[in-house]
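Protein chains: 2
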Amino acid sequence: MSLDYSTFDLGDLVLQGGATLRDAKLAYKTFGTLNAAKDNVILYPTWYSGQHYENEWLVGEGMALDPAKYFIIIPNMLGNGLSSSPSNMPEPYNGPRFPKVTAYDNVKAQHKLVTEQFGIEHIRLVTGWSMGALQTFQWGAQYPDMMDLIAPFCGSAKCSRHNFVFLEGVKAALTADAAWNEGWYTAKPARGLRAAARVYAGWGFSQTFYRQKLDIEALGYSSLEDFLVAFWEGFFLPKDANNLLTMLWTWQNGDISANELYKGDFKAALGAIKAKALVMPGQTDLYFPPEDSEFEVANMPNATLLPMPSVWGHFAGGPGTNPEDVKWLDAQLKELLAS
Amino acid sequence: MSLDYSTFDLGDLVLQGGATLRDAKLAYKTFGTLNAAKDNVILYPTWYSGQHYENEWLVGEGMALDPAKYFIIIPNMLGNGLSSSPSNMPEPYNGPRFPKVTAYDNVKAQHKLVTEQFGIEHIRLVTGWSMGALQTFQWGAQYPDMMDLIAPFCGSAKCSRHNFVFLEGVKAALTADAAWNEGWYTAKPARGLRAAARVYAGWGFSQTFYRQKLDIEALGYSSLEDFLVAFWEGFFLPKDANNLLTMLWTWQNGDISANELYKGDFKAALGAIKAKALVMPGQTDLYFPPEDSEFEVANMPNATLLPMPSVWGHFAGGPGTNPEDVKWLDAQLKELLAS
Chain A
1 MSLDYSTFDL GDLVLQGGAT LRDAKLAYKT FGTLNAAKDN VILYPTWYSG
51 QHYENEWLVG EGMALDPAKY FIIIPNMLGN GLSSSPSNMP EPYNGPRFPK
101 VTAYDNVKAQ HKLVTEQFGI EHIRLVTGWS MGALQTFQWG AQYPDMMDLI
151 APFCGSAKCS RHNFVFLEGV KAALTADAAW NEGWYTAKPA RGLRAAARVY
201 AGWGFSQTFY RQKLDIEALG YSSLEDFLVA FWEGFFLPKD ANNLLTMLWT
251 WQNGDISANE LYKGDFKAAL GAIKAKALVM PGQTDLYFPP EDSEFEVANM
301 PNATLLPMPS VWGHFAGGPG TNPEDVKWLD AQLKELLAS
Chain B
1 MSLDYSTFDL GDLVLQGGAT LRDAKLAYKT FGTLNAAKDN VILYPTWYSG
51 QHYENEWLVG EGMALDPAKY FIIIPNMLGN GLSSSPSNMP EPYNGPRFPK
101 VTAYDNVKAQ HKLVTEQFGI EHIRLVTGWS MGALQTFQWG AQYPDMMDLI
151 APFCGSAKCS RHNFVFLEGV KAALTADAAW NEGWYTAKPA RGLRAAARVY
201 AGWGFSQTFY RQKLDIEALG YSSLEDFLVA FWEGFFLPKD ANNLLTMLWT
251 WQNGDISANE LYKGDFKAAL GAIKAKALVM PGQTDLYFPP EDSEFEVANM
301 PNATLLPMPS VWGHFAGGPG TNPEDVKWLD AQLKELLAS
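Chains as they are written, first to last, in our numbering: chain A, 1 to 339; chain B, 1 to 339.
Please note: incorrect hints may appear among the correct ones.
Same chains, same names: a pair is fine if it fits in one copy or spans any two.
In the DSSO-like style, the derived pairs of lysine-lysine whose C-alpha atoms are separated by at most 27 angstroms in a straight line are [said to hold, decoys possible]: (1) Lys267 with Lys213; (2) Lys267 with Lys239; (3) Lys69 with Lys38; (4) Lys112 with Lys213; (5) Lys263 with Lys213; (6) Lys69 with Lys274; (7) Lys108 with Lys239; (8) Lys100 with Lys263; (9) Lys274 with Lys38; (10) Lys334 with Lys274.
Please keep in mind that the hints were generated in silico from the structure rather than gathered at the bench.
Kindly generate the complete structure, drawing on both the sequences and the hints.
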């Protein structure tokens with residue numbers, strides 16, 4: 001079997017929290033060709049539980065992220081099951097012993113990939129959906145001189161308190177299943193995964209999405225219950241519970257200022273982002289509401305706020321769920337890249 | 001010990017679903033005195049898991065619901081632990097065998113109390129928060145000639161699909177706990193109750209409430225985690241799991257047209273409400289968004305829509321959580337009663 005992605009050896013990755021991920025791996029996929037000047041790079045990190053192939057809907061000929069023009073790198077987030085994760089880490093840091101990983105750690109690892117593997121010193125654009133947006137903001141603050149543009153969509157530079165609480169619900173549902181066994185499960189904690197999926201279902205799409213029955217009318221499910229089982233439970237069941245909890249922690253502790261550079265001064269971290277930024281929250285996103293993006297944009301020197309005009313809630317931004325939203329997003333990215 | 005409420009013997013209550021609640025009980029509390037003309041009656045049903053004493057914040061001297069002027073009846077919802085419920089029903093209809101109860105069944109029982117116990121033929125106002133609002137709408141459609149006014153707040157006449165999904169998350173979290181044991185628990189399924197509480201926490205208050213740290217600044221909790229444990233888990237832990245699931249089913253299946261009168265024709269049921277109605281959704285309520293109320297009001301012959309201008313989400317409407325919201329609500333009810 002040939003894999004559709006590559007793996008970069010990170011060596012011993014010392015994490016913010018103090019643990020060392022020995023012989024750590026960063027799985028990634030690239031599209032297009034790095035030109036001689038190495039100035040056609042787009043970096044496009046993954047989202048909560050997503051893997052590189054679930055980012056590909058925004059890449060294609062004639063699209064903003066066109067492999068004919070750009071060298072597009074999709075790095076898999078630590079914990080997502082392809083890069084180093086609870087599910088694939090050898091003992092003793094495997095399973096529930098897998099350490100806490102931050103957005104800072106992820107971006108540090110990605111920086112290593114970009115510079116050491118490809119010798120890239122400058123990036124044209126960093127963009128991403130949801131936790132991909134968090135990593136996008138993180139890039140902007142962590143390596144402010146390294147890119148021209150950032151375009152985070154349906155995400156934030158710091159996990160809001162409400163977003164934190166929403167995730168507490170997801171986590172509590174998953175871990176209420178005794179089969180989870182504090183992470184030492186021997187078989188899949190299916191009931192907890194299904195419960196987490198049902199909790200997520202109300203948050204992922206907007207009230208209007210459900211009111212308009214777009215689960216049936218647009219996505220083609222046969223009933224609301226079919227949508228909950230086939231789409232939502234089907235989405236969570238194949239995923240490893242410890243992986244999900246690792247990434248959930250990364251998300252809940254997302255904060256581009258939580259590092260030595262900014263020492264928790266969120267405004268300073270936002271203010272340090274030099275890239276021209278196009279910040280696109282979803283107009284009806286229930287856990288990344290536009291109000292949080294307004295604060296971010298107001299504190300960034302070169303940022304524009306452009307809410308996504310969609311009733312698809314958080315899923316307006318991915319993963320290619322609604323063709324109309326993809327079209328809109330692609331058009332904005334084209335305009336940004338042309339600027 | 002003397003109880004602060006009375007109990008009405010409903011006798012054998014035949015439910016919509018076909019079961020008979022034999023020797024059923026309706027617990028209620030009254031305030032004020034029924035006048036000779038019996039025309040000073042206000043009916044004020046309870047909300048999800050709430051008991052009569054948790055409705056009292058809207059009753060008081062000088063308030064709209066003034067016991068000096070009105071005879072106020074607070075009937076406890078079936079399943080809430082005081083009226084007939086899984087937790088207090090004798091065998092064989094106890095625990096998880098407690099039958100499905102609808103809003104129609106509840107209102108039918110309350111009608112029996114009002115007419116048979118007190119000989120009341122006309123009600124001045126029916127009002128309620130949340131599931132109390134559902135029962136308020138239900139009264140308006142089920143006994144359209146019986147009241148002058150209805151004032152449902154932060155609730156709906158029919159459970160929306162999104163609201164249904166939100167409740168699926170609460171239910172899935174509670175029932176993911178193996179200790180729940182399909183309802184045949186011998187000890188409290190504490191982990192599931194705590195998980196349900198955490199799921200609910202993100203829904204109960206708005207993004208803005210959390211952004212403004214009103215859990216700390218207004219409610220006085222010492223941290224977000226303290227709010228999640230002390231307020232939310234503390235709220236759910238004393239409640240019986242089967243009671244919660246019984247009321248959740250009532251909520252999810254709330255629909256004022258789901259009966260012989262209207263045969264599922266929701267517009268017809270709304271159109272049949274003769275009472276002058278003041279419908280007050282919470283402006284930032286995440287599960288009863290104003291849009292659903294707009295549809296209801298547009299299809300009611302004599303209704304006014306007045307969203308509650310509050311960032312307290314669903315809890316703008318109760319249970320007396322924010323004094324400013326109580327003041328606003330009380331003022332609207334005064335104006336309505338004076339009309």
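Consistency of the hints with the structure:
{"no.": "1", "hint": "Lys267 with Lys213", "in the structure": "between (40 angstroms within a copy, 18 angstroms between copies)"}
{"no.": "2", "hint": "Lys267 with Lys239", "in the structure": "neither (35 angstroms within a copy, 43 angstroms between copies)"}
{"no.": "3", "hint": "Lys69 with Lys38", "in the structure": "within (12 angstroms within a copy, 81 angstroms between copies)"}
{"no.": "4", "hint": "Lys112 with Lys213", "in the structure": "neither (45 angstroms within a copy, 38 angstroms between copies)"}
{"no.": "5", "hint": "Lys263 with Lys213", "in the structure": "between (46 angstroms within a copy, 22 angstroms between copies)"}
{"no.": "6", "hint": "Lys69 with Lys274", "in the structure": "within (24 angstroms within a copy, 66 angstroms between copies)"}
{"no.": "7", "hint": "Lys108 with Lys239", "in the structure": "within (25 angstroms within a copy, 47 angstroms between copies)"}
{"no.": "8", "hint": "Lys100 with Lys263", "in the structure": "within (19 angstroms within a copy, 55 angstroms between copies)"}
{"no.": "9", "hint": "Lys274 with Lys38", "in the structure": "within (20 angstroms within a copy, 73 angstroms between copies)"}
{"no.": "10", "hint": "Lys334 with Lys274", "in the structure": "within (20 angstroms within a copy, 56 angstroms between copies)"}
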